[in-house]
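Undergrad: Just so you know, the protein sequences line up as chains Y and Z, in that order.
Anchor point for the first sequence: position 116 equals 116 in the working numbering, and the numbering is continuous, going up by one each time.
Anchor point for the second sequence: position 68 equals 68 in the working numbering, and the numbering is continuous, going up by one each time.
Hints are computed from structural coordinates only; laboratory data are not their basis.
The C-beta atom is built at its ideal place from N, Cα and C for all residues, glycine as well.
Please note that the accuracy of each hint is not assured.
[Claimed, not checked] Listed next, the stretches of chain Y that the computed footprint assigns to chain Z, with coverage defined by at least 3 CB atoms under 8 Å from CB atoms of chain Z:
| hint | segment |
| --- | --- |
| 1 | 3-9 |
| 2 | 18-28 |
| 3 | 31-39 |
| 4 | 42-53 |
[Claimed, not checked] Straight-line alpha carbon distances no greater than 27 Å define the calculated BS3-like cross-link-like pairs of lysine-lysine that follow:
| hint | chain 1 | residue 1 | chain 2 | residue 2 |
| --- | --- | --- | --- | --- |
| 5 | Z | Lys7 | Y | Lys80 |
| 6 | Z | Lys284 | Z | Lys294 |
| 7 | Z | Lys74 | Y | Lys82 |
[What the hints assert, rightly or not] Label-pair ranges, simulated between beta-carbon atoms:
| hint | chain 1 | residue 1 | chain 2 | residue 2 | range |
| --- | --- | --- | --- | --- | --- |
| 8 | Z | Lys246 | Y | Thr116 | 50 to 58 Å |
| 9 | Y | Leu40 | Z | Met207 | 34 to 42 Å |
| 10 | Y | Glu119 | Z | Lys257 | 45 to 53 Å |
| 11 | Y | Pro117 | Z | Ile310 | 44 to 52 Å |
| 12 | Y | His17 | Z | Thr103 | 22 to 30 Å |
| 13 | Y | Met127 | Z | Asn25 | 18 to 26 Å |
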Amino acid sequence: MDRKIRVLVAKPGLDGHDRGAKIVARALRDAGMEVIYSGLHQTAEQIVKTAIQEDVEVIGLSLLSGAHMTLFVDVANMLKEKHIDDVLIVGGGIIPEEDVPRLKKAGIAGVFGPGTPVEEIVDFIKMNVKR
Amino acid sequence: MSELDSKVLKGDIRAIARMITLIENNDSVAIDAMKNIHKKSGKAHVIGITGVMGSGKSSLIFELAYQYRKRGKKVGIIAVDPTSPFSGGAILGDRVRMMELATDDNVFIRSMGTQGMLGGLASSVFDVVEIFDASGMDIILIETVGVGQAEVDIVKIADTTIVVLVPGLGDSIQTIKAGLMEIADIFVVNKSDKSGVEQVVVEIESMLEISSKSDRKIPIILTSTKKNQGILELLNEIENHRIYLKKGKKLEEKRKKRYETELTEIIRKRLMSLIFDESKFKDKVDRLIDQISKKELDPYSAADEILGKILK
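Please model the complete structure; the sequences and the hints are all you need to start from.
TA: Written out as structure tokens, the structure is:
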């Protein structure tokens, strides 16, 4: 039996727009993945604990408010603190080009801006899962 | 004892999470670890919660879990959502209403897809129940969503089955009656702040009058998670039912049924993969299917031939 990739799609912080996150969630499901959707307004702690309990291989963070430099990096750091190194982190939303290198350095392996074809995200995840 | 099962038995959260993933994928290390886990399980009270879509099951589970935590109980929650039969993928969204519990180390929430079993519960739900139980959880809440076989199957796993209805279903109670209405140990009419509550209660009561053959009166509890009403009463009735099961041999019988279903499920799964996945039989099966479609053979004779080869 094929192993299913499990993905947590999470919305950190105060931003209340989850249309993009839901579209991505559906695309991942249609690609045969199991998607756990967290809902809005999550703290980094909630996201990391959920990722552990659900034993996901991928965390997809979505944020449109501009606080990605703090919130995305918080999630990545908290995973590092807990010595979890087999979870792929990707992020999406309105993210200025100049922030991307720093996000990648912090451990957000893939960053996807508006207009990214969903197939690109699906392929990136399939190519880069760590387990 | 392997490292994995000893960690699970100690309640290590990451070990529990990994163990579930492994058993869902039929991993041989995990299957081996189940030997010890099975021995240590059997203490937790397993509560199944099912009902029509949009009846507020997730919110109800959140409230119950919250109350059990207040009483010092460790809680495991299994949220089952349908797997798409087309892509094999699933969106598991029941956590949305439970995220406040996410930072409590004594609540473990796991979402699962139905994994393409013919509408039924994922067979690994049985394993997750035992893993939760053996790792020291006192209460295990299982949520099944939507309509179909999964709702009826839950009765084979749960000690106490709660069926959640809401006002305003109207005559649709008639249509869901088959199956769903017979499995309830407790009825909940949720969203009882809305109008039409009495009608639902009357319908349930009249249905129970016709079909009731039990020595136990099935309670109907009105709840409103919005107004925080009826939760304590529900908690009470769950406890009453637990005591009722413990008296006599009812719990033992229930558990036996559970293991019978699980055993059947494991055998079914293994036989199916033996016949349809393993290369030894695959060619043969393909040839037989060919013959059937050419009318050289009928499906029953083909099945005889395959089973004869396995059971020889």
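Undergrad: Hint by hint, say whether it matches the structure.
TA: Verification of the supplied hints:
1. 3-9: Coverage by chain Z holds for the segment 3-9 of chain Y (3 residues, Cβ < 8 Å).
2. 18-28: Held - the segment 18-28 of chain Y has 3 residues with a Cβ nearer than 8 Å to chain Z, which meets the minimum of three.
3. 31-39: With 9 residues closer than 8 Å to chain Z, the segment 31-39 of chain Y meets the three-residue bar; holds.
4. 42-53: holds (count 8)
5. Z/Lys7 <-> Y/Lys80: 21 Å, holds
6. Z/Lys284 <-> Z/Lys294: 15 Å, holds
7. Z/Lys74 <-> Y/Lys82: The hint holds at about 23 Å.
8. Z/Lys246 <-> Y/Thr116: 50 to 58 Å: With Cβ atoms ~57 Å apart, the hint holds.
9. Y/Leu40 <-> Z/Met207: 34 to 42 Å: With a Cβ separation near 39 Å, leucine 40 of chain Y and methionine 207 of chain Z satisfy 34 to 42 Å, so the hint holds.
10. Y/Glu119 <-> Z/Lys257: 45 to 53 Å: 46 Å, holds
11. Y/Pro117 <-> Z/Ile310: 44 to 52 Å: 47 Å, holds
12. Y/His17 <-> Z/Thr103: 22 to 30 Å: Taking Cβ atoms as reference, histidine 17 of chain Y and threonine 103 of chain Z lie about 24 Å apart, which means the hint holds.
13. Y/Met127 <-> Z/Asn25: 18 to 26 Å: 20 Å, holds
Taken one by one, the earlier hints all hold for this structure without exception.
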